[in-house]
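**Q** Chains as they are written, first to last, in the working numbering: chain A, 1 to 267; chain B, 1 to 267; chain C, 1 to 267; chain D, 1 to 267.
Among these hints, one or two may not hold up.
Unchecked claim - Heads up, incomplete: computed chain D residues facing chain B, CB under 7 angstroms, no partners named: (1) 135; (2) 162; (3) 166; (4) 167.
What the hints assert, rightly or not - Facing chain B, a subset of chain C residues (Cβ under 7 angstroms, in silico): (5) 34; (6) 81; (7) 84; (8) 87; (9) 138; (10) 139; (11) 145; (12) 146; (13) 155; (14) 217; (15) 224; (16) 226; (17) 255.
Hints in this document: simulated from the structure, not taken from any laboratory.
Using N, Cα and C, we set each Cβ at its ideal position, and we do this for glycine too.
4 protein chains.
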Amino acid sequence: MDTVHRATEPVGYSLPLSPSGLSSMITPPPWHFTGDVVMVDYRVDPAAAERFLPPGLSLGADPGAAAAVFADWQWCSDSGAELAEPARCQFGEFLIFLACEYRGAPMARCPYAWVDQPVPMARGWIQGMPKQLGVVHQTRPRPLGRAGAALTSGTRFDGVLSVFGHRTARAGVTLTERTEVRPALHDVPLAHTRLFPGWLPGEKPLADLVASEVTDVEFGEIWTGEATLELSAEGMDQDFASLAPVEVGAGHVFSYAETLRGGRLLD
Amino acid sequence: MDTVHRATEPVGYSLPLSPSGLSSMITPPPWHFTGDVVMVDYRVDPAAAERFLPPGLSLGADPGAAAAVFADWQWCSDSGAELAEPARCQFGEFLIFLACEYRGAPMARCPYAWVDQPVPMARGWIQGMPKQLGVVHQTRPRPLGRAGAALTSGTRFDGVLSVFGHRTARAGVTLTERTEVRPALHDVPLAHTRLFPGWLPGEKPLADLVASEVTDVEFGEIWTGEATLELSAEGMDQDFASLAPVEVGAGHVFSYAETLRGGRLLD
Amino acid sequence: MDTVHRATEPVGYSLPLSPSGLSSMITPPPWHFTGDVVMVDYRVDPAAAERFLPPGLSLGADPGAAAAVFADWQWCSDSGAELAEPARCQFGEFLIFLACEYRGAPMARCPYAWVDQPVPMARGWIQGMPKQLGVVHQTRPRPLGRAGAALTSGTRFDGVLSVFGHRTARAGVTLTERTEVRPALHDVPLAHTRLFPGWLPGEKPLADLVASEVTDVEFGEIWTGEATLELSAEGMDQDFASLAPVEVGAGHVFSYAETLRGGRLLD
Amino acid sequence: MDTVHRATEPVGYSLPLSPSGLSSMITPPPWHFTGDVVMVDYRVDPAAAERFLPPGLSLGADPGAAAAVFADWQWCSDSGAELAEPARCQFGEFLIFLACEYRGAPMARCPYAWVDQPVPMARGWIQGMPKQLGVVHQTRPRPLGRAGAALTSGTRFDGVLSVFGHRTARAGVTLTERTEVRPALHDVPLAHTRLFPGWLPGEKPLADLVASEVTDVEFGEIWTGEATLELSAEGMDQDFASLAPVEVGAGHVFSYAETLRGGRLLD
Chain A
1 MDTVHRATEP VGYSLPLSPS GLSSMITPPP WHFTGDVVMV DYRVDPAAAE RFLPPGLSLG
61 ADPGAAAAVF ADWQWCSDSG AELAEPARCQ FGEFLIFLAC EYRGAPMARC PYAWVDQPVP
121 MARGWIQGMP KQLGVVHQTR PRPLGRAGAA LTSGTRFDGV LSVFGHRTAR AGVTLTERTE
181 VRPALHDVPL AHTRLFPGWL PGEKPLADLV ASEVTDVEFG EIWTGEATLE LSAEGMDQDF
241 ASLAPVEVGA GHVFSYAETL RGGRLLD
Chain B
1 MDTVHRATEP VGYSLPLSPS GLSSMITPPP WHFTGDVVMV DYRVDPAAAE RFLPPGLSLG
61 ADPGAAAAVF ADWQWCSDSG AELAEPARCQ FGEFLIFLAC EYRGAPMARC PYAWVDQPVP
121 MARGWIQGMP KQLGVVHQTR PRPLGRAGAA LTSGTRFDGV LSVFGHRTAR AGVTLTERTE
181 VRPALHDVPL AHTRLFPGWL PGEKPLADLV ASEVTDVEFG EIWTGEATLE LSAEGMDQDF
241 ASLAPVEVGA GHVFSYAETL RGGRLLD
Chain C
1 MDTVHRATEP VGYSLPLSPS GLSSMITPPP WHFTGDVVMV DYRVDPAAAE RFLPPGLSLG
61 ADPGAAAAVF ADWQWCSDSG AELAEPARCQ FGEFLIFLAC EYRGAPMARC PYAWVDQPVP
121 MARGWIQGMP KQLGVVHQTR PRPLGRAGAA LTSGTRFDGV LSVFGHRTAR AGVTLTERTE
181 VRPALHDVPL AHTRLFPGWL PGEKPLADLV ASEVTDVEFG EIWTGEATLE LSAEGMDQDF
241 ASLAPVEVGA GHVFSYAETL RGGRLLD
Chain D
1 MDTVHRATEP VGYSLPLSPS GLSSMITPPP WHFTGDVVMV DYRVDPAAAE RFLPPGLSLG
61 ADPGAAAAVF ADWQWCSDSG AELAEPARCQ FGEFLIFLAC EYRGAPMARC PYAWVDQPVP
121 MARGWIQGMP KQLGVVHQTR PRPLGRAGAA LTSGTRFDGV LSVFGHRTAR AGVTLTERTE
181 VRPALHDVPL AHTRLFPGWL PGEKPLADLV ASEVTDVEFG EIWTGEATLE LSAEGMDQDF
241 ASLAPVEVGA GHVFSYAETL RGGRLLD
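Take the sequences, apply the hints, and build the full model.
**A** Here you go:
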């Protein structure tokens with residue numbers, strides 16, 4: 001049998017496997033991120049939020065606290081090689097965060113997430129972040145001109161998400177003042193469920209409750225302001241609709257960086 | 001602890017998990033497909049092909065046989081609900097197939113695949129098909145007019161793939177005659193490696209050699225013809241480049257349907 | 001002055017001008033088209049329709065008659081060269097037609113149009129068809145499999161349009177029977193206003209009322225059926241909203257080809 | 001005839017015309033722009049450059065001087081309304097500039113341009129800028145983190161353009177120092193040919209040599225550095241290929257704002 005002559009088998013951190021491993025769509029962590037964030041605090045029905053929490057997580061000290069987050073990212077692996085390819089190293093993202101608690105420690109649960117590039121989508125599934133593909137646009141700081149968006153009182157930052165051609169989310173933040181306070185739900189660990197769906201007869205899915213391990217967090221200037229938020233149920237299901245805002249709180253605009261190193265098992 | 005009051009936990013065949021399971025990005029199999037195919041047989045260096053085969057698979061009776069396949073698909077779950085959403089139920093695909101053998105049975109190995117929609121990409125990862133996101137266009141049969149593409153001798157069908165803005169593949173088939181012979185590499189089972197990358201400290205990836213279970217195969221009119229094929233290494237790695245055509249064979253244009261029901265473990 | 005030495009100046013049917021003229025984005029007419037159409041007859045408020053008609057056009061014999069048309073096209077110039085490039089020669093389109101009359105002759109006016117490729121958009125502006133860029137998807141005939149869409153009684157064909165991430169139009173046709181009757185608003189000349197906006201100080205725009213000159217019309221099998229149609233004003237203006245359906249009529253599914261040769265001046 | 005009862009006719013600065021004029025795809029100038037620019041000076045064969053100049057323009061004092069410009073823009077009309085819609089008010093652009101002269105005044109000619117949004121494409125055609133649709137990505141300044149791109153010596157900024165799935169242009173600038181010197185070809189008026197192609201029998205195209213009228217120019221920090229530039233002829237014509245770099249000069253990274261107010265006729 002000819003296979004006995006092979007010194008190697010195809011390898012890779014992810015598919016596609018290939019002789020050298022270079023074809024792997026995903027590079028192994030750590031992954032370094034830097035981005036501009038437009039974030040809106042809001043509140044959902046606590047009972048609705050609770051239905052999104054797996055065993056092990058509870059609503060915690062502030063039931064119903066939630067956030068909608070637009071972020072415009074640039075990322076790279078340890079080699080930094082991706083940075084030379086702006087078509088690969090940039091993506092837009094929209095996330096929903098729900099406040100929760102694990103063994104008394106405050107965390108955030110991400111029930112829905114959309115990105116506009118396939119690599120971060122696939123990376124989401126590896127870590128348990130439920131990233132789908134959508135169309136994301138947001139205002140970024142731009143210092144010059146009448147069409148600019150300076151980081152100053154009165155400037156408005158917007159974010160919009162479309163999913164399969166439906167306008168699904170829209171957020172707006174009009175800056176009022178600079179602050180040193182980090183937005184609460186952007187400053188706690190994320191608790192995800194890693195899930196590998198079953199495919200073989202009778203197979204149960206692999207499902208782990210994990211927390212993301214993040215280092216090298218940096219916040220740039222943090223601005224706060226008045227916010228608006230609309231989530232549309234058109235084209236979405238009743239579960240997404242159950243997380244509609246019952247109250248909209250403050251908005252936050254800031255730049256941010258972190259390194260995502262892997263996960264640790266909860267429970 | 002509040003979680004004891006919950007009657008349910010979030011569920012779903014895939015992420016995102018949600019109270020009812022409706023938010024799952026992927027519906028459970030079976031998945032029904034119907035498509036138009038433009039396919040080109042070609043040959044690669046057998047030693048290069050072998051380096052893409054995992055233990056358990058060998059080159060088989062025709063070492064170096066390969067095919068490049070463009071397909072324009074429509075799909076649905078058992079409910080058929082997706083068919084009402086043309087933005088969701090259609091996608092384009094480009095595949096490479098390598099001839100191989102498992103315990104004496106001819107099979108095909110798919111070392112590279114690109115689709116232009118996220119749902120088939122994620123579905124690929126569940127079954128072990130290494131689908132990435134690309135831009136795919138191909139000629140489809142069109143009976144009318146000077147701009148048409150009738151299924152008749154002399155008509156040319158083309159397919160093009162771009163990946164991150166690089167033209168990666170181009171195939172052309174000029175029809176010569178109708179045939180009853182099914183293209184060999186489109187008529188054997190596929191042997192995939194299901195891979196769930198490691199994320200936890202020291203974790204080994206889940207990796208299974210599996211075969212796809214397909215039923216309800218239908219071929220429409222099959223046309224054969226003269227073919228061209230170019231695979232470009234620009235923007236790709238040396239592993240992809242090692243599968244460049246050393247010889248180009250016949251082309252095939254046909255419509256095709258199948259139902260993909262799940263996988264079975266090999267070994 | 002060096003320019004006196006030049007034998008040539010840059011040329012082209014359209015921009016970009018270049019030494020040989022090969023860089024012109026648009027090839028000169030005639031342009032040949034072949035496509036699959038999903039069309040829904042409907043009625044609008046006749047007064048609203050009339051406000052979209054320029055002097056010279058009147059509502060005609062059937063005030064308020066309108067149609068929404070999804071079409072999936074392939075096109076080429078006389079050379080046919082574009083057909084070898086499936087990324088260039090295909091596009092999706094959504095049109096609204098309003099019934100009207102010019103000097104007693106029935107015509108159609110297209111107040112709104114969207115395509116998903118830049119070449120047909122620019123070509124629209126040359127002929128006076130108000131084409132913008134949108135995301136268009138529609139069901140095409142597919143004979144095989146459970147996910148197919150056979151041209152037979154009971155099959156449903158859908159079309160969807162999204163504009164800047166808003167779902168703007170949705171049509172559905174469930175086939176009931178084959179017919180020989182050509183859909184009325186797809187079988188009359190189109191009356192457009194060619195408009196070249198002013199740019200120089202005090203310049204008045206060039207504006208001509210023209211009719212499109214079409215030859216080599218072919219209809220394939222025509223199927224009729226029950227239809228639904230929704231036009232959404234979300235993200236659109238009050239003028240678009242004024243053409244909302246007050247009644248939805250029959251649907252039509254057919255393939256079609258034509259050659260567009262240029263325009264003739266009306267008035 | 002019913003048209004005598006109409007008080008109004010459909011209006012608009014551009015197509016689509018509509019009762020109120022609100023449907024016009026393009027708002028009338030002025031248009032305000034703010035952007036981040038990655039620019040590379042280079043040299044082309046002067047004879048090739050000259051073949052792109054219409055009568056009235058000559059090569060001027062520095063024959064063969066050229067520049068490749070990637071820009072990431074945000075724009076708005078006088079109302080500023082577009083700024084609330086990040087999906088509408090942002091676009092990426094790639095331009096080529098050729099040095100030229102009009103009656104002794106230095107100007108720039110833009111033989112090729114690509115943008116990634118339809119509104120700036122159509123606006124280009126109104127002013128005579130030959131904008132086509134492409135896929136544009138570029139590095140923007142990002143102050144934080146290992147994946148960042150700080151405005152400091154040693155940071156690299158890249159830009160890539162793809163057209164119909166071919167990688168057409170790639171530029172890179174590695175910053176060396178801050179400067180007060182404005183890049184020459186980004187600081188002169190642009191001379192365009194406004195062109196409205198013929199459509200009626202025997203019609204000659206409208207063609208005017210015009211200069212753009214720009215006010216409110218602002219430059220942010222200007223950084224200069226070492227540059228690379230590749231233009232690929234794959235998928236392009238011989239005219240584009242004739243402008244390939246024969247020498248690559250300095251690179252520039254800066255932010256920039258301007259207001260475009262209209263055009264004035266040359267000659």
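**Q** Hints broken by the structure, by number, lowest first?
**A** Of the numbered hints given earlier, those the structure breaks are 6, 13, 14, 15 and 16, listed in rising order.
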